[in-house]
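Protein chains in written order, with my numbering: chain W, 37 to 443; chain E, 37 to 443.
Worth double-checking, as some hints may not be accurate.
One copy or two, either will do: identical chains are not told apart, so a pair holds if it fits within one copy or between any two.
What the hints assert, rightly or not - Listed below are the simulated DSSO-like cross-link pairs for lysine-lysine, each with C-alpha atoms no more than 30 Å apart in a straight line:
no., residue 1, residue 2
1, K244, K173
2, K312, K173
3, K244, K312
4, K312, K439
By construction, these hints were calculated from the structure, which means they are not laboratory data.
There are 2 protein chains.
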Amino acid sequence: MDQHEFLARLAQPADSRIVLLVLDGVGDLRTLEQPQTALEAARTPYMDALARRSALGRIVPAGHGITPGSGPGHLALFGYDPRTPEADIGRGVLEALGSGVEVRPGDVAARGNFATANGEGLITDRRAGRISTPECKRLVRVLQAAIEALPIAGVEVELTAGEGHRFVLLLRGEGLSPEIRDTDPQQLGVRPLEPQARKSEAEATVDKLNQVLAVLQAAVAEEPRANRLLLRGFSVLPNLPQLWDVHQMRCGAFAGYPLYRGVAGACGMEVVPCGKSFADTLAEAERHWDRFDFFFLHVKQTDAAGEDGNLAAKVAVIEEVDTQLPDLLALEPDVLVITGDHSTPAPIKAHSWHPVPLLLNSARCFTDECTMFNESAAIGGHLGTFPAQDLMALMLANAGRLKKFGA
Amino acid sequence: MDQHEFLARLAQPADSRIVLLVLDGVGDLRTLEQPQTALEAARTPYMDALARRSALGRIVPAGHGITPGSGPGHLALFGYDPRTPEADIGRGVLEALGSGVEVRPGDVAARGNFATANGEGLITDRRAGRISTPECKRLVRVLQAAIEALPIAGVEVELTAGEGHRFVLLLRGEGLSPEIRDTDPQQLGVRPLEPQARKSEAEATVDKLNQVLAVLQAAVAEEPRANRLLLRGFSVLPNLPQLWDVHQMRCGAFAGYPLYRGVAGACGMEVVPCGKSFADTLAEAERHWDRFDFFFLHVKQTDAAGEDGNLAAKVAVIEEVDTQLPDLLALEPDVLVITGDHSTPAPIKAHSWHPVPLLLNSARCFTDECTMFNESAAIGGHLGTFPAQDLMALMLANAGRLKKFGA
């Protein structure tokens, strides 16, 4: 965490607001079959006008050639080196944070699936027929009531419903270890796996977990579909430097989807729940404009369209964001950055390693010769191509929030 | 070796072939006296056509301002940080590997020169009048027979003829140390130096080496020219992560010259001997097309022409490679990279630190606006300018051989 320690020494408060607008997976490709990227194909008069008075560049999320998941992609945007072990946020904790569960140091979190097993105990559906979210909530209430009626000594259990068949299991107590293997066998026709310790330090936790699971399994054993629990991604909160602490900034995260809220929360941002459209996200940021110095606004749909290989849909999302850009600019952020956490090129239908274009506007930015915001223009931008984890320092500098280094 | 550990975690097998075509020292300069680089002056219709559907960029071999030797230059291309001590391959081992000698862990290798000494034992020619390669082979047979007739307890000795006056001495046995000073005094009119231990751990090895040298020297003492042996670069195999292990790829090295075979061998590539022309190299690669996933093809003559300050010769080599590019493309590699291990600008007549242009073609590359492959065009390429040791990850990514990092 050297970069954060370094920045912490230089941090100074300022009366300035930074907006980091992340168009998830916005970076795209030009190929022989797809001669324009989504940003190139989109009609974006407001972004283009902004580009004319901004500096462009490109970020490399997790290293050349490395395709980042959403976790590492966002950690880099928030100034963390996503490749250090300390920055490895387990899936259980991510899901818990994203679901609004308060995760404290030492708590062990796991992702849960409701599944269906047949009369012999063999799994026939790992998602219990994709039960509805209300049904999931009902089942979680059943589980919570069961464990409260038959508590296990030395461990508190908190269950939280997610979307569809998903839930979060949180264990709280002294000396718990997350070094436990998944119980989800990831295949049909077999029994759920027994919890097993990955390291001997976890054996006591596995004992308690077995007792907890016995109570929980019994409570849903007679359910027609959701009669088994599968657990994955046992993990504890990573010990990340907290952004408000490092940068002396109040940071707000405005994201419609759990995972992004989870990452932001783990970094010390206050998560402000908001809807899934950019209009909702923007409205919520406006409502909280006086409460924060740093605003992380997340747009998921660019990534989803890229994963679908749907260039037209990706273009439409970008154009939709563009039409609302004037509302964002009307808030008069001192620093506005538009970029992505990684590329999700439509021809690849998946995250990729390609550099992501970046636009930075502030009163202190170099207005380079770029007149449009897209991948090709960004190659020649004033900011150059640099590791994504350096973006935070650049935003802070443009916001007047970093002192001179040395005399 | 953090980058290799990181990549090893992400490696996944794929049915794809990567070709890394290294035009040794291809990077060149534009100066007032030399207004075009070799790549700019060369007529390269096939490379230019390829550039139009590829991504260009530039690599920095061993850091800005650092002029790499051939060893560090190639290690960086193969994904190693050439500046770590672990990546320091001794000259003796390089020469041995390049000469096709099997070097096992613990073996100590040295480069040998046949030299001429006068009646007083003073060296009059450090290269024994540049004896012919057949003469060298004869002398090495004499040496090998002598040491087999009078073996030294605890050490096996293997001698291998090189080109002209060069040979390789390999010592094999328990507890040998390479911490031995050169016996080559690097000047005339003096005696060969006695072997000396650089560290006390090498004293036992020096004892054995003295016994070995007594036998060998006696065997050639009456030769008219090659009557002395000079040894340099005592070294053991570096403990480099092996490419096939890290990347789950079968790697083949196709190079006409020993040093490049040596580096490739030390990295875990299988060295396929081939001729010195690009036509030979390419034909050999084609013959082994089904045996490997990764092909390192080496062209030496660009570097040699640069070292001679002969721009026309360098241009001719590049044009010769270009005419054969269709044969390479006909193999349909999934990823083709053309670059150099460093620049050898004709005006400098030596290796230099200047970034090296890079062309990467794959179905997943960004087809940028570059329409020619040369230094100037590459400045504006989509790949940007990056450390050479990141190229391996980029090739793997384009070949579908790296999993997503994190969730």
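Now for the hints, and whether the structure bears them out:
| no. | hint | in the structure |
| --- | --- | --- |
| 1 | K244 - K173 | within (24 Å within a copy, 74 Å between copies) |
| 2 | K312 - K173 | within (20 Å within a copy, 71 Å between copies) |
| 3 | K244 - K312 | neither (38 Å within a copy, 68 Å between copies) |
| 4 | K312 - K439 | between (37 Å within a copy, 29 Å between copies) |
Checked against the numbered hints above, the structure violates only hint 3.
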